[in-house]
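Based on these hints, arrange chains B, C, D and E on the given structure of chain A.
Keeping their order, the protein sequence lines are chains A, B, C, D and E.
Under the working numbering, residue 155 is the last one in the first sequence; the count climbs by one each step, no gaps.
Under the working numbering, residue 155 is the last one in the second sequence; the count climbs by one each step, no gaps.
Under the working numbering, residue 155 is the last one in the third sequence; the count climbs by one each step, no gaps.
Under the working numbering, residue 155 is the last one in the fourth sequence; the count climbs by one each step, no gaps.
Under the working numbering, residue 155 is the last one in the fifth sequence; the count climbs by one each step, no gaps.
Among the clues, some could well be false.
To be verified - DEER-style ranges, computed between Cβ atoms: (1) D/D102 - B/N85: 54 to 60 angstroms; (2) E/E47 - A/E103: 38 to 44 angstroms; (3) A/S155 - C/E101: 54 to 60 angstroms; (4) B/P126 - C/L123: 37 to 43 angstroms; (5) B/R130 - A/H63: 26 to 32 angstroms; (6) A/P62 - D/D102: 44 to 50 angstroms; (7) B/V27 - C/D102: 24 to 30 angstroms; (8) E/K19 - A/E103: 44 to 50 angstroms; (9) D/D52 - B/T128: 54 to 60 angstroms; (10) C/D102 - E/D142: 46 to 52 angstroms; (11) A/E47 - B/Q131: 21 to 27 angstroms; (12) E/E95 - D/F25: 28 to 34 angstroms.
The set of hints was computed from the structure by calculation and includes no laboratory data.
Cβ coordinates follow ideal geometry from the N, Cα and C atoms, glycine included.
Spelled out from the first residue to the last, the chains are:
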Amino acid sequence: MDTTFARYDMGTAAEEELKGLGTGFQVIRRTVPGVKDLPVACKRLIEEESCDLAMALGMLGPHAVDKQTALVADLGLQGVQLATNTPILGVFVYEEEAKDEDELAWLAARRTREHARNAYNMLFRPETLRQNAGTGQREGFDDVGPLETTSGKLS
Amino acid sequence: MDTTFARYDMGTAAEEELKGLGTGFQVIRRTVPGVKDLPVACKRLIEEESCDLAMALGMLGPHAVDKQTALVADLGLQGVQLATNTPILGVFVYEEEAKDEDELAWLAARRTREHARNAYNMLFRPETLRQNAGTGQREGFDDVGPLETTSGKLS
Amino acid sequence: MDTTFARYDMGTAAEEELKGLGTGFQVIRRTVPGVKDLPVACKRLIEEESCDLAMALGMLGPHAVDKQTALVADLGLQGVQLATNTPILGVFVYEEEAKDEDELAWLAARRTREHARNAYNMLFRPETLRQNAGTGQREGFDDVGPLETTSGKLS
Amino acid sequence: MDTTFARYDMGTAAEEELKGLGTGFQVIRRTVPGVKDLPVACKRLIEEESCDLAMALGMLGPHAVDKQTALVADLGLQGVQLATNTPILGVFVYEEEAKDEDELAWLAARRTREHARNAYNMLFRPETLRQNAGTGQREGFDDVGPLETTSGKLS
Amino acid sequence: MDTTFARYDMGTAAEEELKGLGTGFQVIRRTVPGVKDLPVACKRLIEEESCDLAMALGMLGPHAVDKQTALVADLGLQGVQLATNTPILGVFVYEEEAKDEDELAWLAARRTREHARNAYNMLFRPETLRQNAGTGQREGFDDVGPLETTSGKLS
Numbered sequence: 001m002d003t004t005f006a007r008y009d010m011g012t013a014a015e016e017e018l019k020g021l022g023t024g025f026q027v028i029r030r031t032v033p034g035v036k037d038l039p040v041a042c043k044r045l046i047e048e049e050s051c052d053l054a055m056a057l058g059m060l061g062p063h064a065v066d067k068q069t070a071l072v073a074d075l076g077l078q079g080v081q082l083a084t085n086t087p088i089l090g091v092f093v094y095e096e097e098a099k100d101e102d103e104l105a106w107l108a109a110r111r112t113r114e115h116a117r118n119a120y121n122m123l124f125r126p127e128t129l130r131q132n133a134g135t136g137q138r139e140g141f142d143d144v145g146p147l148e149t150t151s152g153k154l155s
Numbered sequence: 001m002d003t004t005f006a007r008y009d010m011g012t013a014a015e016e017e018l019k020g021l022g023t024g025f026q027v028i029r030r031t032v033p034g035v036k037d038l039p040v041a042c043k044r045l046i047e048e049e050s051c052d053l054a055m056a057l058g059m060l061g062p063h064a065v066d067k068q069t070a071l072v073a074d075l076g077l078q079g080v081q082l083a084t085n086t087p088i089l090g091v092f093v094y095e096e097e098a099k100d101e102d103e104l105a106w107l108a109a110r111r112t113r114e115h116a117r118n119a120y121n122m123l124f125r126p127e128t129l130r131q132n133a134g135t136g137q138r139e140g141f142d143d144v145g146p147l148e149t150t151s152g153k154l155s
Numbered sequence: 001m002d003t004t005f006a007r008y009d010m011g012t013a014a015e016e017e018l019k020g021l022g023t024g025f026q027v028i029r030r031t032v033p034g035v036k037d038l039p040v041a042c043k044r045l046i047e048e049e050s051c052d053l054a055m056a057l058g059m060l061g062p063h064a065v066d067k068q069t070a071l072v073a074d075l076g077l078q079g080v081q082l083a084t085n086t087p088i089l090g091v092f093v094y095e096e097e098a099k100d101e102d103e104l105a106w107l108a109a110r111r112t113r114e115h116a117r118n119a120y121n122m123l124f125r126p127e128t129l130r131q132n133a134g135t136g137q138r139e140g141f142d143d144v145g146p147l148e149t150t151s152g153k154l155s
Numbered sequence: 001m002d003t004t005f006a007r008y009d010m011g012t013a014a015e016e017e018l019k020g021l022g023t024g025f026q027v028i029r030r031t032v033p034g035v036k037d038l039p040v041a042c043k044r045l046i047e048e049e050s051c052d053l054a055m056a057l058g059m060l061g062p063h064a065v066d067k068q069t070a071l072v073a074d075l076g077l078q079g080v081q082l083a084t085n086t087p088i089l090g091v092f093v094y095e096e097e098a099k100d101e102d103e104l105a106w107l108a109a110r111r112t113r114e115h116a117r118n119a120y121n122m123l124f125r126p127e128t129l130r131q132n133a134g135t136g137q138r139e140g141f142d143d144v145g146p147l148e149t150t151s152g153k154l155s
Numbered sequence: 001m002d003t004t005f006a007r008y009d010m011g012t013a014a015e016e017e018l019k020g021l022g023t024g025f026q027v028i029r030r031t032v033p034g035v036k037d038l039p040v041a042c043k044r045l046i047e048e049e050s051c052d053l054a055m056a057l058g059m060l061g062p063h064a065v066d067k068q069t070a071l072v073a074d075l076g077l078q079g080v081q082l083a084t085n086t087p088i089l090g091v092f093v094y095e096e097e098a099k100d101e102d103e104l105a106w107l108a109a110r111r112t113r114e115h116a117r118n119a120y121n122m123l124f125r126p127e128t129l130r131q132n133a134g135t136g137q138r139e140g141f142d143d144v145g146p147l148e149t150t151s152g153k154l155s
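The shape of chain A in the complex, shown without the other chains (with noise of 0.2 angstroms):
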C-alpha cells in the first residue's frame, strides 16, 4: 500500500526489494490519496485478498499536523492489525528527518527496502529477527547497535 501524496514511489522500491528476496509469495499494490487512507485499504487487502502481512507505505510533510496525521494513520493501522490478527509494517518518512531533497529520496528507499526484508523475516524467518533482539537496528538511517552488556540482576 502506498500513497499519491509521497514523493519518493515507496510502494515500487518495496515491490523490487521483496522479489529480490524470495519467490513462493506474492505481492499485491494498492495506492491511496495519504496516509490516512491506509488502514482500511489495508485492512481490505487482508481480508478480501487474504494477504498474510501488509506493509503501509507513506511520507509525512514537517508540520505538527502532519504529526497528528501519521498518529491517526497509526492508531488506524494498529486497529485493523488487532481486527484481523494480521502484522502491518507501517513504514513512514518525514520530511525533516532527511537535510535535504536527495537525502529523503535516499531515506524512503532505503527504510522501504529495510522493511521489506522485516517482511520477508516476520513470515519467512522469524530466527532472523530473533538473532537480532535487542542490538539496536535502525531502518533507513544506520544502526545504532547494541549497548554494553550488564546482567543487572536483582538481588
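Same frame as chain A, but now just chains B, C, D and E:
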C-alpha cells in the same frame, strides 16, 4: 457529508465536481453541525444507504482546541472505515492554512474538488492513483512533485 | 446528560430549550460526576432507554490536563456513537473561553441552547441543517458567517 | 483497583469510605503495578465478578510521559466501560497538584473518598447527583461552586 | 515479546528472571522490529499460544516522534488486553531516562527484571501486589516509597 460550522459550502462543490466526472453513480448528501458529528453520520450513510465511499468535509478554526477536534473527528472516521470496510476521504481545511478569507474559500473549494476526483478514481479508476504513486500530489495547493530518483538498493 | 463538575446547570437549560421547540418527544436526563463519565452513561441511555440522540453537556477547567480530559471524553463519545449508530452532540465549554464568570455562565447557557436546537433539527428538521451548510454557524458566540464565494473549479 | 506505583494506599481509603456509607453491597479489591494495568483488571472484575461499578485508583508522576501514561490508562478505561456498559470512576492524582508530600497524601485520600461517595450515589442515590448538577463539585480540593445564573435564552 | 530496535536484549533478561522465579510455567518468546509491532504479536501469542500474560519489551529514542510511537504502541496494547481479557505488562525504556549508555543498559535490565517479577506475582502471587499497594514501587530506578499517612476522612 458536510457541516454548518464550515464557512464554505464544501458539500455543493463536491456534488458539482462529482456530477461533472461521470454518471452511473448516485451522490447522497447530509449536513451535520460540526466535524465531530461526521463519523456516525458517515457510518449511517454507509450502512443504511449502502454508500461505497464517503467524503467527510469540514473546516477547522485556528486554535489548539481545533486541532484536538480534528483528531477526534479523524479517529472517529478511522473507526467507521474499519467497522464498515469502506473508505472515507476526510477533507479538512484549517483556517490558518490560508493567508486571507479569499484564499481560504479558494482552498476549501479546490481541496474538496480534488478529493472528489480522488473519490471517483478510488471507485472507478484505481489505475489513475497507481500511476500517481509517490509523485507528491497535494489537494488544494500545488502538487510538490516527485523527488529525484535513487534506487537505495541494499547491499 | 450533564455533570456535577460543571458550574452551570446546563442540563436544565437543554431541557427548557427542547421543551420550547416542540412536543412529541421525550427528554430523559441523567447527571454524572465529570465529563469522562458521560460516554458510558450516554450509551446506557441510548441502549436501555432507546434514545434517538444524546446531548453530552460538560464544562472544563483551564489546565492542560483538562484538554486531555476533554479528549478522553470526546473519544469515548465517538466510540458510543459508532457502537450505537446514534448521534451524540458533545457540548463542552472551556473556562478560558470566557473573560469572566458572567460570560462563562452566558456561554454555557447559549451553547447548550443552540445545540439543543441542533439536536432538534437533526431529528426533526434535517433540511434546516442542510440550508445552513457552510454558513459558519457557531454555538455560543456569534456566527462567523460564510466566506465570499468562489467556485474553485479545476481545469 | 489500585496500584503498587501509588504512594498512598488509595484502595484502603476507598474501602473504608464505602463501608461507612452503607451495607448491602460488596467491595472487591485488586492491586496491579501501574495505571496502565488497571483497565483490563477492571474489565475482568466487571465480567468475572459481576461488579456493577469499578473505581480505578492511581497516582501519576510530574513528567510529560506521565500525562501520556494517564491518557493511555484513561482511554483503556473508556474502552472497558463501553464494552461492559458499566461505569468506572477513574481517580487519578497528579504529583504536581500538591505543594508538598503531606498535601499529596491528603489529596489522594480526599479525592478517593469523595469519589467513593460518587460511586455510592451513582449506584444507590442517583437523585443526589441530579441535585448537584452544575454546582461546581470538585473531588479533593474545595468545590468551586456554581456561577451566578443566567437564562441565556435564545431569541 | 521484544524488538530488534532496542539496544539491550530485554527478552533474554526477562526469560532469565522468570526462570529464576519458579517452574510450572512456560515462557514463549517472539521478536519483532519495533514497539508498534508488539500489540498484534502479543495478541497472537495470547490467542494462538494460550499465554496467560504477555510482557511487551521495548526501547524508545529521545525524540518527540518516539513519544508518539510509544503512545500508538501503548494504545495497541490496551486494545489487545481488552480484546483478550489478558494482562500485558508494557516495559518501555526511554533513552533520555538514563545519563549515559551504561546506565541505559542497566535500566533496561532492571526494569525488565522487576516487571518480570510483577508478571510472576500477577499470575501466582497476587497477595504480594496487594501488600505493596500504595507503597511507591518503581521499576528500574529506586522505589520512592509511601507518603506519610493521613486518613483524609470526610466530615
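Structure-based check of each hint:
1. Between D/D102 and B/N85 the Cβ separation comes to about 56 angstroms, which falls inside the hinted range of 54 to 60 angstroms.
2. For the pair E/E47 and A/E103, the supplied restraint of 38 to 44 angstroms holds, since their beta-carbon distance comes to about 42 angstroms.
3. Checked against the hint of 54 to 60 angstroms, the C-beta distance between A/S155 and C/E101 comes to roughly 57 angstroms, which is consistent with it.
4. Roughly 38 angstroms separates the CB atoms of B/P126 and C/L123, a value that falls within the hinted 37 to 43 angstroms.
5. For B/R130 and A/H63, the hinted distance range of 26 to 32 angstroms is satisfied, since their beta carbons lie about 27 angstroms from each other.
6. For A/P62 paired with D/D102, a C-beta distance near 47 angstroms keeps the hint of 44 to 50 angstroms intact.
7. One distance hint, 24 to 30 angstroms for the beta-carbon pair B/V27 and C/D102, is violated here, with the actual separation near 47 angstroms.
8. Taking 44 to 50 angstroms as the suggested C-beta distance range, the pair E/K19 and A/E103 conforms, at roughly 45 angstroms.
9. Between D/D52 and B/T128, the C-beta spacing of about 56 angstroms keeps the proposed range 54 to 60 angstroms intact.
10. At roughly 51 angstroms, the beta carbons of C/D102 and E/D142 sit within the given window of 46 to 52 angstroms.
11. Between A/E47 and B/Q131 the C-beta distance comes to about 26 angstroms, which sits within the given range of 21 to 27 angstroms.
12. Evaluation of the 28 to 34 angstroms hint for E/E95 and D/F25 yields a failure: the beta carbon distance comes to about 47 angstroms.
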